[in-house]
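Novice: Residues per chain, in single letters:
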Amino acid sequence: MRKILMGVAALALAAAAGTAQAQTKNVTIAVSIPAADHGWTGGVVYHAERAAKLLQASHPGLKIIVKTSPDGASQANALEDLTAQKIDALVTLPHNSDELTDPLRQVKKKGVFVTVVDRALSDPTIQDLYVAGNNPEVGRVAGQYLKDNLKTGDIVVIRGLPIVIDEERQKGFDAGIAGSGIKILDRQFGNWSRDDAFKVMQDYLTKHKKIDAVWCQDDDMAVGVLEAISQAKRTDIKMVIGGAGMKEMIKRVADGDKMIPVNVLYPPAMVATALELTVANFYDKVPVRGKYILDATLITKENAAEYYFPDSPF
Amino acid sequence: MTENATSVTPAKGGLSQRLADIDMAAVAPFIALAALFVLGALVNDNFLSASNLLNVMTRSSFIAIIAVGATFVITAGGLDLSVGSLSALCAGIMILFLNSAAIDSSLLLIMAAMAIAVAVGGLGGLVNGTVTVVGRIEPFIVTLGTMAIFRSVTTYLADGGSIAVKSQQVRALLRPIYTESFIGLPIPVWIIIAVGLIAAFLLHKTAFGRHVTAVGSNEDVARYSGIHVGRVRALTYVIQGVCVAVAVIVYVPRLGAATATTGILWELQAITAVVIGGTALRGGVGRISGSICGAFMLEIVGNIMVLSSLVSEYLIGAVQGTIIVIAMLVQKSLMRRS
Numbered sequence: 217m218r219k220i221l222m223g224v225a226a227l228a229l230a231a232a233a234g235t236a237q238a239q240t241k242n243v244t245i246a247v248s249i250p251a252a253d254h255g256w257t258g259g260v261v262y263h264a265e266r267a268a269k270l271l272q273a274s275h276p277g278l279k280i281i282v283k284t285s286p287d288g289a290s291q292a293n294a295l296e297d298l299t300a301q302k303i304d305a306l307v308t309l310p311h312n313s314d315e316l317t318d319p320l321r322q323v324k325k326k327g328v329f330v331t332v333v334d335r336a337l338s339d340p341t342i343q344d345l346y347v348a349g350n351n352p353e354v355g356r357v358a359g360q361y362l363k364d365n366l367k368t369g370d371i372v373v374i375r376g377l378p379i380v381i382d383e384e385r386q387k388g389f390d391a392g393i394a395g396s397g398i399k400i401l402d403r404q405f406g407n408w409s410r411d412d413a414f415k416v417m418q419d420y421l422t423k424h425k426k427i428d429a430v431w432c433q434d435d436d437m438a439v440g441v442l443e444a445i446s447q448a449k450r451t452d453i454k455m456v457i458g459g460a461g462m463k464e465m466i467k468r469v470a471d472g473d474k475m476i477p478v479n480v481l482y483p484p485a486m487v488a489t490a491l492e493l494t495v496a497n498f499y500d501k502v503p504v505r506g507k508y509i510l511d512a513t514l515i516t517k518e519n520a521a522e523y524y525f526p527d528s529p530f
Numbered sequence: 125m126t127e128n129a130t131s132v133t134p135a136k137g138g139l140s141q142r143l144a145d146i147d148m149a150a151v152a153p154f155i156a157l158a159a160l161f162v163l164g165a166l167v168n169d170n171f172l173s174a175s176n177l178l179n180v181m182t183r184s185s186f187i188a189i190i191a192v193g194a195t196f197v198i199t200a201g202g203l204d205l206s207v208g209s210l211s212a213l214c215a216g217i218m219i220l221f222l223n224s225a226a227i228d229s230s231l232l233l234i235m236a237a238m239a240i241a242v243a244v245g246g247l248g249g250l251v252n253g254t255v256t257v258v259g260r261i262e263p264f265i266v267t268l269g270t271m272a273i274f275r276s277v278t279t280y281l282a283d284g285g286s287i288a289v290k291s292q293q294v295r296a297l298l299r300p301i302y303t304e305s306f307i308g309l310p311i312p313v314w315i316i317i318a319v320g321l322i323a324a325f326l327l328h329k330t331a332f333g334r335h336v337t338a339v340g341s342n343e344d345v346a347r348y349s350g351i352h353v354g355r356v357r358a359l360t361y362v363i364q365g366v367c368v369a370v371a372v373i374v375y376v377p378r379l380g381a382a383t384a385t386t387g388i389l390w391e392l393q394a395i396t397a398v399v400i401g402g403t404a405l406r407g408g409v410g411r412i413s414g415s416i417c418g419a420f421m422l423e424i425v426g427n428i429m430v431l432s433s434l435v436s437e438y439l440i441g442a443v444q445g446t447i448i449v450i451a452m453l454v455q456k457s458l459m460r461r462s
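If you're matching them up, the sequences are chains A and B in order. This note's numbering numbers the first residue of the first sequence as 217 and each following residue consecutively. This note's numbering numbers the first residue of the second sequence as 125 and each following residue consecutively.
Extracted from the complex, chain A is given alone in its bound form (with noise of 0.2 angstroms):
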């Protein structure tokens, strides 16, 4: 029945590109993301790009400018370079909120419709639309699935670097806790790396005779951890919950791992999102100013089919 559904919107949509072939609009986005520094910017540039083609191929018209920058300086400067070539909206994801407010204000001024995605801007009036994932979200439905099925015991945690979106992260963690019997035992900063995750986690393992879980912020740092206790061939541990939706261990739930349960979905595929949102404003008169928040979904091995790209690198 819901491939049904599907196949009717996407011929919907069929119609609706031929509608718009006969009165051609062009529109020209650019999109300004960070360039793949770890797995999860990694997959942003593949959804950004895997969206570019298919909607430029079904909208006529529409051509979609995909420049990546290894910092922020160099995100402003590209930002200069693609308000230079007359764009008609921006799709950004900012290195850093505060470093690229006031650039972001400059193409605003020039009249182009402004996407934020992931992270939010200093001054919020610039932004036409905003989507993100929900960080809180995914620091409380980790705490809240450990409280719902560990109850109580004493766990460890590795954090990510010390940012806003972390900080967000382990508050949300935190509340998802409260109330059980949950101890933390320690935790220390992993700066999302397999490699450093890997050492903090054997460290605990030296340090702690007995963990029963691990809450580590992101799948990346989770794939340190996992090769740490295999190693140190301790069975004490139940469960290592992660984070973000890496397709290894999205694999790893639907294939039922016990180790790892479930993931919570802090999705690179957001940039699509808004993509798809900022090229409806264009082409489909739908409205979409305003912010659009995705879940921290929990995936289980019922749904993780549903996340899961082989194709992506994350």
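The hints are simulated quantities; they were obtained by calculation from the structure and are not laboratory data. Be a bit skeptical, because a hint or two may be false.
[Claimed, not checked] Heads up, simulated DSSO-like pairs for lysine-lysine below, C-alpha to C-alpha not over 27 angstroms straight-line: (1) B:K290 / A:K467; (2) A:K367 / A:K425; (3) A:K474 / A:K454; (4) B:K290 / A:K474; (5) A:K367 / A:K387; (6) A:K454 / A:K467; (7) A:K279 / A:K363; (8) A:K517 / B:K290; (9) B:K290 / A:K449; (10) A:K463 / B:K290; (11) A:K454 / A:K426.
[Stated by the list, open to error] Short derived list, chain A residues pointing at chain B, Cβ under 7 angstroms: (12) G258; (13) E443; (14) Y523.
[What the hints assert, rightly or not] Taking CB as the label site, the calculated pair distances span: (15) A:K449 / B:F306: 13 to 21 angstroms; (16) B:I155 / A:K367: 46 to 54 angstroms; (17) A:L401 / B:G354: 51 to 59 angstroms; (18) B:I155 / A:L514: 52 to 60 angstroms; (19) B:T254 / A:N519: 52 to 60 angstroms; (20) A:A300 / B:D344: 46 to 54 angstroms.
Fair warning: this is a prediction, and the values are worked out from it, not measured in the lab. Every residue gets a Cβ at the ideal spot worked out from N, C-alpha and C, and that includes glycine.
Since chain A is already given, all that's left is putting chain B on it; use the hints.
Specialist: Relative to chain A, chain B alone:
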């Protein structure tokens, strides 16, 4: 231990005095290490357990092996900032070759992949060395450039993601290189020992080693003495590249993947290890054992931080920095007193 080529034989002062001088400089890093052991033992009872110390020693192997190579480069008066990126590139190409399954036998495939890693590392070093010597450009700039090149080529090969060993069979064959032990010591530790012994022989017992030291202490004097300064310099970068490849051969078995964070800041850690170990950053004095000890100290500081519950996770960097500076001060004062 071969001493600084510029050091003049003291006119006065007995032979015993001179011996004490040499020993103290070489032993100082190990005294600083012992001080860290005391600190660690005070912080956590498990610190001195064999499993913890072996974990830390194994973890320090990448930086230790790279630092051995860096000792040659720095002793000859050079600098290599590209080692972290080159590690990522070597690891990436090694894994891509493993995934290609070009050879049917897994064992032969792994050995070929290792040979390829060494070739890539050696070539990367050769590029650094040749451009520095032939182009007469500061090694700081050359290797800063290649650092960016190696890193972005790796990202390109990885298609923006990570490169992981696909075959579970190959992965299972590789893993023991990092996890297994031989006569009580983990294999990576044996590799450190082997690399260290070969390097110490090369630096202290051969003509090439003496040339490296001579070039680093005074290039003009070395040239007038008939040493091919350019060739010696370039070779130190090749040695560095090969050491990077050996480190990668130990690194890849651990997590079986090269990611965007692989090798990040390894260049700084390697240089720090070399300097903590008593090699002069301006060149002319090289100490292989010191560099390995330095790499171990860096890893131990991190280990102590996680094992202690005294410091807020936000302040760990500050405490680590302080410990390293204090360790250096202890070392210097010991060397001065002798």
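Novice: Does each hint hold? Answer for all of them.
Specialist: Hint check:
no.	hint	in the structure
1	B:K290 / A:K467	14 angstroms, holds
2	A:K367 / A:K425	20 angstroms, holds
3	A:K474 / A:K454	8 angstroms, holds
4	B:K290 / A:K474	22 angstroms, holds
5	A:K367 / A:K387	19 angstroms, holds
6	A:K454 / A:K467	19 angstroms, holds
7	A:K279 / A:K363	48 angstroms, violated
8	A:K517 / B:K290	23 angstroms, holds
9	B:K290 / A:K449	23 angstroms, holds
10	A:K463 / B:K290	14 angstroms, holds
11	A:K454 / A:K426	11 angstroms, holds
12	G258	4 angstroms, holds
13	E443	6 angstroms, holds
14	Y523	16 angstroms, violated
15	A:K449 / B:F306: 13 to 21 angstroms	18 angstroms, holds
16	B:I155 / A:K367: 46 to 54 angstroms	50 angstroms, holds
17	A:L401 / B:G354: 51 to 59 angstroms	57 angstroms, holds
18	B:I155 / A:L514: 52 to 60 angstroms	54 angstroms, holds
19	B:T254 / A:N519: 52 to 60 angstroms	55 angstroms, holds
20	A:A300 / B:D344: 46 to 54 angstroms	52 angstroms, holds
Hints 7, 14 from the list above are not met by this structure, while the remaining hints are.
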